[in-house]
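Undergrad: Assemble the whole structure, with the sequences as input and the hints as a guide.
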Amino acid sequence: MDLAAASAIAVENLVKRYKAATAVDGISFQLPAGTVTGLLGGNGAGKTTTIAMIMGLVTPTAGTVSVLGAQMPKQRYRVLHRMNFESPYVDMPMRLTVRQNLSVFAQLYAVPDAAGRIASLAADLDLTEFLDRPAGKLSAGQKTRVSLAKSLLNRPDVLLLDEPTASLDPDTADWVRARLERYRTETGATILLASHNMNEVERLCERVIIMKKGRIEDDDTPARLLARYGRETLEDVFLDVARGRDREVTA
Amino acid sequence: MSDTGFEFSLNRVAAMVRRYWYLLISSWPRLLDLIYWPTVQMLMWGFLQMYVSQNSGYFASAAGVFIGAVLLWDILFRGQLGFSISFLEEMWARNLGNLMMSPLRPTEFISALMIMSIVRLSIGMIPVTFLAIAFFGFNLWSMGLALAAFFVNLILTSWAIGIFVAGLLLRNGMGAESMAWTIMFLFLPLTCVYYPVAVLPHWLQYVAWSLPPTYVFEGMRALLIDHVFRGDLMLEALAFNVVLFGGAVFAFLKLLESARAQGSLLQGAD
Numbered sequence: 045m046d047l048a049a050a051s052a053i054a055v056e057n058l059v060k061r062y063k064a065a066t067a068v069d070g071i072s073f074q075l076p077a078g079t080v081t082g083l084l085g086g087n088g089a090g091k092t093t094t095i096a097m098i099m100g101l102v103t104p105t106a107g108t109v110s111v112l113g114a115q116m117p118k119q120r121y122r123v124l125h126r127m128n129f130e131s132p133y134v135d136m137p138m139r140l141t142v143r144q145n146l147s148v149f150a151q152l153y154a155v156p157d158a159a160g161r162i163a164s165l166a167a168d169l170d171l172t173e174f175l176d177r178p179a180g181k182l183s184a185g186q187k188t189r190v191s192l193a194k195s196l197l198n199r200p201d202v203l204l205l206d207e208p209t210a211s212l213d214p215d216t217a218d219w220v221r222a223r224l225e226r227y228r229t230e231t232g233a234t235i236l237l238a239s240h241n242m243n244e245v246e247r248l249c250e251r252v253i254i255m256k257k258g259r260i261e262d263d264d265t266p267a268r269l270l271a272r273y274g275r276e277t278l279e280d281v282f283l284d285v286a287r288g289r290d291r292e293v294t295a
Numbered sequence: 009m010s011d012t013g014f015e016f017s018l019n020r021v022a023a024m025v026r027r028y029w030y031l032l033i034s035s036w037p038r039l040l041d042l043i044y045w046p047t048v049q050m051l052m053w054g055f056l057q058m059y060v061s062q063n064s065g066y067f068a069s070a071a072g073v074f075i076g077a078v079l080l081w082d083i084l085f086r087g088q089l090g091f092s093i094s095f096l097e098e099m100w101a102r103n104l105g106n107l108m109m110s111p112l113r114p115t116e117f118i119s120a121l122m123i124m125s126i127v128r129l130s131i132g133m134i135p136v137t138f139l140a141i142a143f144f145g146f147n148l149w150s151m152g153l154a155l156a157a158f159f160v161n162l163i164l165t166s167w168a169i170g171i172f173v174a175g176l177l178l179r180n181g182m183g184a185e186s187m188a189w190t191i192m193f194l195f196l197p198l199t200c201v202y203y204p205v206a207v208l209p210h211w212l213q214y215v216a217w218s219l220p221p222t223y224v225f226e227g228m229r230a231l232l233i234d235h236v237f238r239g240d241l242m243l244e245a246l247a248f249n250v251v252l253f254g255g256a257v258f259a260f261l262k263l264l265e266s267a268r269a270q271g272s273l274l275q276g277a278d
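Line by line, the protein sequences give chains C and D.
Residue 45 is where the first sequence starts when you use the working numbering, and the numbers rise one by one after that.
Residue 9 is where the second sequence starts when you use the working numbering, and the numbers rise one by one after that.
Once the Cα atoms are required to be at most 20 Å apart in a straight line, the calculated EDC-like pairs of lysine to aspartate or glutamate come out as:
no. : chain 1 : residue 1 : chain 2 : residue 2
1   : C       : K256      : C       : E279
2   : C       : K118      : D       : E265
3   : D       : K262      : D       : E185
4   : C       : K118      : D       : E15
5   : C       : K181      : D       : E97
6   : C       : K181      : C       : D170
7   : C       : K63       : D       : E265
Residues of chain D clear of chain C, computed beta-carbon distances all greater than 12 Å:
no. : residue
8   : M151
9   : N180
10  : L196
Keep in mind the hints are simulated off the structure, nothing from the lab.
Glycine is no exception: its CB is placed at the ideal position from the N, C-alpha and C atoms.
TA: Have a look at this one:
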C-alpha cells in the first residue's frame, strides 16, 4: 500500500539546511486523514520549518512532502484551496476591518456565499461585534480568533496550526481549543498542530510527534508516551526529552 | 487543477485589487501624498520654465519641455513606486505568508500590483495635469496618440523595475526596502529626462540608449521642439521594454524560488 497516497500528509526523509545550520534532519511521518497530531518541541526544534515545508512556503533540501496526494511545493496549486493555516509569524493588514480582511481571503479561496460564511464564522467565533473594526485595534485574543476565522474560511481538509493559542489567556485558549475540536468532529479535517502547550496537545491530539534539534525524538499516542516515560503529564515527558533523560528512560 | 503558477484567475486578481483599494481609502494622508509631490514638482519646474523661456529664445520656442519632462518622469517614477508600495504593504503587514499559502498565483499577484500602480498613478497625476493647464497653459492631453505611446512605454519600464524590486524584497526581506524608494533615481540622469542624449559623454550614450525611457524623453522633445512624432523611437522603446519586462518577470520567479529555498517567506521561522 502506498502510504503517501493513503495519508492526508506524508513526510519522507525530510531535510532542511540553511547554510551551516540544519533545521530539519531527515524526518518521516504519515498523518491519516481526519486525525489531529501534535508537533512538540522546544525553540529551534524545527517545528515551524516542518510546517512551512508542508505548506510549500519553504523548499526542502532533501526528501519529499505530500499533501492530499500532491507533492509540495511543486504541485501546491492542486491543493492550496483545500488547505489553510494559522501562525503567529504572519498577520493580517491592520488598517483593514475584520470583514474586509476576511472577504478578501474568501475571494482568494473562491469561497461560495462569502458574506454568509463570514457571518457564520463570526457568530461561531464570537467576532460579530468586531467585524467592522480595523484589525489593528483588536486585542491579542480577538486577533487570534480572526486568524482562526481566516484559517477556517475555505473549510480546509488540511489545517496547519502553529502555536494557535500562544499569547492567549487560559479561558480564551480553552475556548479556541473547543472550536478546533468541533471543527474536526464536524468536517473530519486533518489537523497538524505545533505547540508548546502540553495541555492543548493532550486535549486535542490523538498522536504526538516530539522533535528536538530537527529530528523526531518520539512519536506515539499521548497515553503510550506517558506510560513509556513513566510520567503523569506530557509536560514531564517533554522535559525528559528536552533534557535528554529520554535515553536513560528507554535504555 | 494545474500544477504550475501560470493558471490565471481574474477573480483572485480582483480580490487583491480590492484589498489594496481598501488600504488606499483607509488613510487620507496617503491619498493626499499621491497628489502632493507631483504637484510640487510640476509647479517648481513650471515656474523655472517660465523664467528660462523669458530669457531664452530657444526655450521660448519649446514651451512645455520642462513641464512635459517632469510629468512624464512622474509617470515612470510613481508608476514604479505605486507598484512597490503596494507590495511593501504586504511586508509591513506580515501578510506575505497568508498570500503565498493561498491559491493566489505569482502572475495574479503581479497583475494586481500593476493595476494598483495605474490606480495610484491616476489619483496622483490626473489632477496635476489639469493644474499644469491652469498655471502654465501646458496641456499634456493635447499630445494625443503620442501621449499614449509615451505612457505605455514608461509604465512598462516602471512595472519591470517594480517587479524586479519585489523579487529582491522577497529574497532579501526588508533589507532591500531602500531599493524600492531609490532605484528609479539611477534612471534620472541616464535616461536624459531634462536634456538631450547628445549632452552625455559618447560612451554613456550607449548606456542611455539601452534604457527604454530615453527614447520616450527624446520623443517628447522631438514633439515639443520640432513638432514631429517619432514613432520609430516609440517602437524601439517598446522592443527594449518587452525584453526588460520579460527579464524582470523571470528574475522575480527565480528570486521567489530562492526565497522559498532560504525560508524568507515565513518571517520569524525558527
